[in-house]
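S.K.: Sequence:
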Amino acid sequence: MSEIDYSRASVALYDPVSVNQRTTRYSLHEIGFRDIFQLNTLSELRRIVQDDAPHLIIAETADHEAEVFRLVRAIRSGELSNNPFVALLLTSWRRDADLVRNAIGCGADDLLIRPLSNSFVEDRIRTLIRARKPFIVTSDYIGPDRRRDKERGAGAVKPIEAPNVLKAVVTNDIEALQKAHAWIDEAQRTVEGERLRRLCMRIIVGAEAGMREMKVGRQPAIDLSEFENSARELRARMAKFRSSEASRVAKALVDVSQELREQAGLTHANLSLAKELSMAAYVAYAGDDGMERSQEEMAKAAEALQRRMAAASKRKIQVEGGAPPEAELKRAAN
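Numbering-wise (my numbering), the sequence shown opens with residue 1 and increments by one.
If you are wondering where the hints come from, they were derived from the structure by calculation, not from laboratory data.
Ideal Cβ positions, reconstructed from N, Cα and C, are used throughout, including at glycine.
Treat the hints loosely; a few may be bogus.
[As the list claims (entries may be wrong)] Simulated restraints on C-beta separations:
id, residue 1, residue 2, range
1, Asp63, Val216, 16 to 26 Å
2, Arg130, Glu30, 17 to 27 Å
3, Arg95, Asp223, 24 to 34 Å
4, Glu245, Ser225, 19 to 29 Å
5, Ala236, Ala269, 43 to 53 Å
[As the list claims (entries may be wrong)] Okay, derived cross-link-like pairs now, EDC-like style, lysine to aspartate or glutamate, Cα gap no bigger than 20 Å in a straight line:
id, residue 1, residue 2
6, Lys158, Glu122
7, Lys133, Glu122
8, Lys179, Asp52
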């Protein structure tokens with residue numbers, strides 16, 4: 001690898017706490033960074049991400065944790081940035097399990113716990129350059145692949161190589177920089193296709209498991225609001241492809257998902273229609289081959305979800321007067 005020159009890279013440094021921001025900026029300057037945007041508000045960070053495409057983002061979670069996590073998800077999904085694969089670090093004084101889980105779950109590359117030494121910061125940034133994790137895409141996550149090897153069996157989500165513009169810039173990799181836009185576009189198409197597939201699978205698997213439960217006389221434990229949210233996101237993503245057929249199918253799917261939430265709307269017929277429409281939406285995007293490759297994975301996921309639904313129904317019966325168990329749709333097709 002070529003010699004690293006951090007002065008070539010731009011950094012967006014967001015921190016509402018001025019003393020923290022000065023400390024982090026000092027560390028970055030000592031490491032070798034010079035082009036540092038110092039940002040005090042999330043609106044400033046959004047503007048910089050959209051307009052200036054920094055090579056590295058460092059954001060403090062203090063005071064606005066939920067907003068920061070939403071912003072990271074928006075970057076990773078491509079809603080906010082032209083480069084959803086931008087190197088992104090979060091910082092915090094807290095180290096409790098909830099914060100760590102949410103920080104990792106939003107798609108950030110890493111969470112740095114304060115106080116930060118210069119050597120620690122440089123070590124984490126060098127890891128992003130030399131050994132960055134590949135990305136995975138599920139129905140509700142886009143970000144680094146943190147699975148253990150034993151979790152990567154047959155049928156598991158396949159990782160993709162995330163474009164690393166930070167690495168190309170600091171190592172002055174001219175060829176990679178020249179190909180950067182095409183590189184990012186290709187990876188974005190891969191991410192978008194997998195995201196669509198996972199959304200369709202979430203609906204198909206949930207509908208199939210629900211129909212199986214109805215066939216044996218049980219009311220399926222489906223989170224119908226989440227079902228509708230998945231349908232709406234699918235319609236929004238399908239709209240980007242400007243296919244009238246896909247748009248019509250996606251709109252019909254949203255209509256059915258709304259009907260499922262109405263009184264007496266949770267029927268076998270509506271679940272069957274939702275399943276067929278979701279399959280048609282994905283075929284309109286990827287063709288028959290894409291759906292055929294997913295059939296076995298969907299069948300296994302539907303069986304697993306039905307077992308969880310059956311267990312939830314059994315628990316509900318056993319607890320007289322108890323509240324309905326937590327719906328299982330969110331766990332489907334991830």
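S.K.: For which of the previously enumerated hints does the structure constitute a violation, in increasing order of number?
M.R.: 1, 5 and 6
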